[in-house]
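Those protein sequence lines, which keep their order, are chains X and W.
Quick note on numbering: our numbering labels position 76 of the first sequence as 76, and the sequence is numbered without any gaps.
Quick note on numbering: our numbering labels position 128 of the second sequence as 128, and the sequence is numbered without any gaps.
No lab work stands behind these hints, which were simulated from the structure alone.
C-beta: ideal position from N, C-alpha, C; glycine also.
Warning: the hint list may mix true and false statements.
[Unchecked claim] Which residues of chain W face chain X? A few of them, derived with a C-beta cut under 10 Å, are:
(1) F23
(2) E24
(3) A25
(4) V28
(5) A39
(6) Q51
(7) A62
(8) S105
(9) A112
(10) L113
(11) L114
(12) T131
(13) C132
(14) A136
(15) G138
2 protein chains.
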Amino acid sequence: MHQGAPLVSTTQTSEAAAAPHTFEATPVPFTEDQLDQVAYNKDGLVGAIVQDASDHAVLMFAWMNHESLRRTLETGRTWFWSRSRQEYWCKGETSGDRQYVRSVSYDCDGDALLVVVDQAGAGACHTGNRTCFYRAFGPGGATPPGPTPPGQ
Amino acid sequence: MHQGAPLVSTTQTSEAAAAPHTFEATPVPFTEDQLDQVAYNKDGLVGAIVQDASDHAVLMFAWMNHESLRRTLETGRTWFWSRSRQEYWCKGETSGDRQYVRSVSYDCDGDALLVVVDQAGAGACHTGNRTCFYRAFGPGGATPPGPTPPGQ
Numbered sequence: 001m002h003q004g005a006p007l008v009s010t011t012q013t014s015e016a017a018a019a020p021h022t023f024e025a026t027p028v029p030f031t032e033d034q035l036d037q038v039a040y041n042k043d044g045l046v047g048a049i050v051q052d053a054s055d056h057a058v059l060m061f062a063w064m065n066h067e068s069l070r071r072t073l074e075t076g077r078t079w080f081w082s083r084s085r086q087e088y089w090c091k092g093e094t095s096g097d098r099q100y101v102r103s104v105s106y107d108c109d110g111d112a113l114l115v116v117v118d119q120a121g122a123g124a125c126h127t128g129n130r131t132c133f134y135r136a137f138g139p140g141g142a143t144p145p146g147p148t149p150p151g152q
Numbered sequence: 001m002h003q004g005a006p007l008v009s010t011t012q013t014s015e016a017a018a019a020p021h022t023f024e025a026t027p028v029p030f031t032e033d034q035l036d037q038v039a040y041n042k043d044g045l046v047g048a049i050v051q052d053a054s055d056h057a058v059l060m061f062a063w064m065n066h067e068s069l070r071r072t073l074e075t076g077r078t079w080f081w082s083r084s085r086q087e088y089w090c091k092g093e094t095s096g097d098r099q100y101v102r103s104v105s106y107d108c109d110g111d112a113l114l115v116v117v118d119q120a121g122a123g124a125c126h127t128g129n130r131t132c133f134y135r136a137f138g139p140g141g142a143t144p145p146g147p148t149p150p151g152q
């Protein structure tokens, strides 16, 4: 039975630490009609929100183009387009913090994606935090609750 | 005690229908230093993910500029920038489906926001669905689980 969990949790639970999950990449079926519902911006990109399947935490936001969305659906791993490096990247391929896709939805006007994943490893953020959204406005909100990011 | 709930639920629970919530707008404190962490794109915009505080469903994705983010924090209601109409809009001001802000976070590189809200009314989507992400890739995924959108 699933219990609700905090939106932002930065450490694995002791239960998870005791019995780490092994996830499997599973392709997501899709039709060309569904793919055509996605509206790309003038740079050919669509924003992708990545959410954790286990506790519904929003982990990260990144960009996909038509080809990286197709790869995501076909491989069951998250593929993005790096605007700075102008190349495809598969989340966790170097860090090991891989994302195993459970579902992909598109919004009412097709210009945003919601990708629900099982997050492997330490988390989604390159800073070492579980989620990229580790800083909130407000008192104390600028202090990351997780591990100190490199260089800070 | 909070229980986990499906990521996408399109109808109010009978409990919620029996005892509808009355939410209150509460300003979110912030510092200018925190505001300066937000990185806007070349159009002066930053993407905002809106998530329901009650069950963590991702409700919608829209754009904010510097002024709409400030209004969001100061008023405790969600303010966005409409790219098509080139004007500010406050979610639910006409529909009644208002969003009461509980927290706002910014991601590691400051170019995305996560706004956690109490969602009043029928939901976040103009189609009548609770969430804008009501269509998933896969068999049957293109059929909205909620009310039929207007014009479809």
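Cross-check of the supplied hints:
1. The criterion of a C-beta within 10 Å of any C-beta in chain X is not met by F23/W, whose closest approach is roughly 18 Å, and the hint is violated.
2. Checking E24/W against chain X by beta carbon gives a least distance of about 17 Å; that is not within 10 Å, so the hint is violated.
3. This hint is violated: A25/W has a C-beta 15 Å from the nearest C-beta of chain X, more than the 10 Å allowed.
4. At about 5 Å, the closest approach between the beta carbon of V28/W and any beta carbon in chain X falls short of 10 Å, and the interface hint on this residue holds.
5. Contact between A39/W and chain X, as hinted, is not supported at the beta carbon level, the nearest pair being about 12 Å apart and thus beyond 10 Å.
6. Because the closest C-beta pair between Q51/W and chain X is about 6 Å apart, less than 10 Å, the hint holds.
7. Hint status for A62/W: holds, given a least beta-carbon distance of 9 Å to chain X, under 10 Å.
8. Hint on S105/W holds. Least Cβ distance to chain X is approximately 4 Å, under the 10 Å limit.
9. Among the interface hints, the one on A112/W holds; its C-beta lies about 4 Å from the nearest C-beta in chain X, closer than the 10 Å criterion.
10. At a threshold of 10 Å, the smallest CB-CB gap from L113/W to chain X is about 8 Å, leaving the interface hint in force.
11. For L114/W, the suggested interface contact is upheld, since its CB lies about 4 Å from the closest CB of chain X, less than 10 Å.
12. The restraint placing T131/W at the interface with chain X holds, with a minimum CB-CB distance near 8 Å, inside the 10 Å limit.
13. Using the Cβ-Cβ criterion of 10 Å, the hint placing C132/W at the interface with chain X is satisfied: the shortest such distance is roughly 4 Å.
14. The beta carbon of A136/W is positioned within 10 Å of a beta carbon in chain X (closest approach about 4 Å), and the interface hint is therefore held.
15. Interface hint status for G138/W: upheld, as the beta-carbon distance to the closest one in chain X is roughly 5 Å, under 10 Å.
Checked against the numbered hints above, the structure violates hints 1, 2, 3, 5; every other hint is satisfied.
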